[in-house]
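*Asks:* If you want the building blocks of each chain, they are given just below.
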Amino acid sequence: MTVFYFVAFLSLFFAIMTIISKNPVHSVLYLVVTFFTFSIHYILLNAQFLAVVNFIVYMGAIMVLFLFVLMLLNMNKDSEPLKSVFVKVMGVIAGMCLVVTLAASFKFLKTSAPLEVIDPEIGLVKNLGRVLFKEFLLPFELSSLLLLTAMVGAVLLGKKDKKKI
Amino acid sequence: MFESIQSVPLNHYILFCSLIFSIGVIGVLIRRNVIVIMMSIELMLNSVNLLLVAFSVFHGDSSGQVFVFFVMALAAAEVAVGLAIIMMVYRNTRSIDIDILNKLRW
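Residue numbers (the working numbering), protein chains in the order written: chain A, 2 to 166; chain B, 85 to 190.
Think of the hints as simulated: they come from the structure by calculation, not from any bench.
It cannot be assumed that every hint is accurate.
Coverage of chain A stretches by chain B, computed from C-beta distances (three or more under 8 Å per stretch; other residues unrestricted) [stated by the list, open to error]:
#: 1; segment: 13 to 24
#: 2; segment: 27 to 35
#: 3; segment: 38 to 49
#: 4; segment: 62 to 74
#: 5; segment: 101 to 111
#: 6; segment: 123 to 131
#: 7; segment: 142 to 154
By construction, the Cβ of each residue, glycine as well, lies at the ideal position given by its N, Cα and C atoms.
So here's chain A without its partners, still in its complex pose (with noise of 0.2 Å):
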């Protein structure tokens, strides 16, 4: 129980620091130990294939993809444009409406029993198969079809035009 508590106190601090750091390569850091904090938030969970999907995914392909744009920009601390601080104080502002809203709204709900693994298999990959190749197959080629169509457009995208229009 505590261990949780201990963990999400460290992913609301690490989320925080991602939005304030000023360099944008401290808050891609920032960003990948809080997505840590997630996988260890998947593992107190039971959910074995999804924390080392997360791991992998975010951690690696999409951290490293942020790591090489920002070099590729050659970003430092003096680019970062900056809002001025009315704008920032009412975003705040805002975020926190938001906080107050969802809480309070959550009070109305009965407090739920403790969370409890039901069935310890449910997370793990054999499970996880069985159902997305059964329950979930047309989703799952739909979804490299979706990859397939992201690749070609970044790829697209990314090339330079040798005659400007």
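Starting from the structure of chain A, add chain B where the hints point.
*Replies:* Below, chain B alone, put in the same frame as chain A:
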């Protein structure tokens, strides 16, 4: 390992995930750097993923975890295309400030 999670109520998961989601929203609102905005969007997607997994474990139904798998595939595609668009914008405007992109503003 299982005993460690037994006494956490589901409400605390909902509250924690909505806090992370709101941090993502605040990040989108207060930053002008496009890359940091995309990171905030990733944060929001991740909070929803965690909540889906928590509910899937709570109800003993594995469909939620499969759904998280699809969300992750979608996020990967979104980041690839988004970063390509950012590269394109940077090449044309020499800046990644989103307030420059106001041609379509009414």
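*Asks:* For every hint, state whether the structure bears it out.
*Replies:* Hint check results:
Coverage of the segment 13 to 24 of chain A by chain B holds. Counting CB-CB distances below 8 Å, 5 residues qualify, and the rule asks for three or more. Coverage of the segment 27 to 35 of chain A by chain B holds [criterion: at least 3 residues with CB-CB distance below 8 Å; count 4]. Judged by the Cβ-Cβ criterion of 8 Å, the segment 38 to 49 of chain A is covered by chain B as claimed, because 8 of its residues qualify and three suffice. For the segment 62 to 74 of chain A, the proposed coverage by chain B is satisfied: 8 residues have a C-beta within less than 8 Å of a C-beta in that chain, meeting the threshold of three.
Here the segment 101 to 111 of chain A counts 4 residues with a CB under 8 Å from a CB of chain B, which clears the bar of 3, and the coverage holds. Counting residues of the segment 123 to 131 of chain A whose beta carbon lies closer than 8 Å to any beta carbon of chain B gives 4, which meets the minimum of three for the stated coverage. Check result for the segment 142 to 154 of chain A against chain B: holds, 7 residues qualifying (beta carbon to beta carbon below 8 Å, three or more required).
Violated hints: none; the structure is consistent with every hint.
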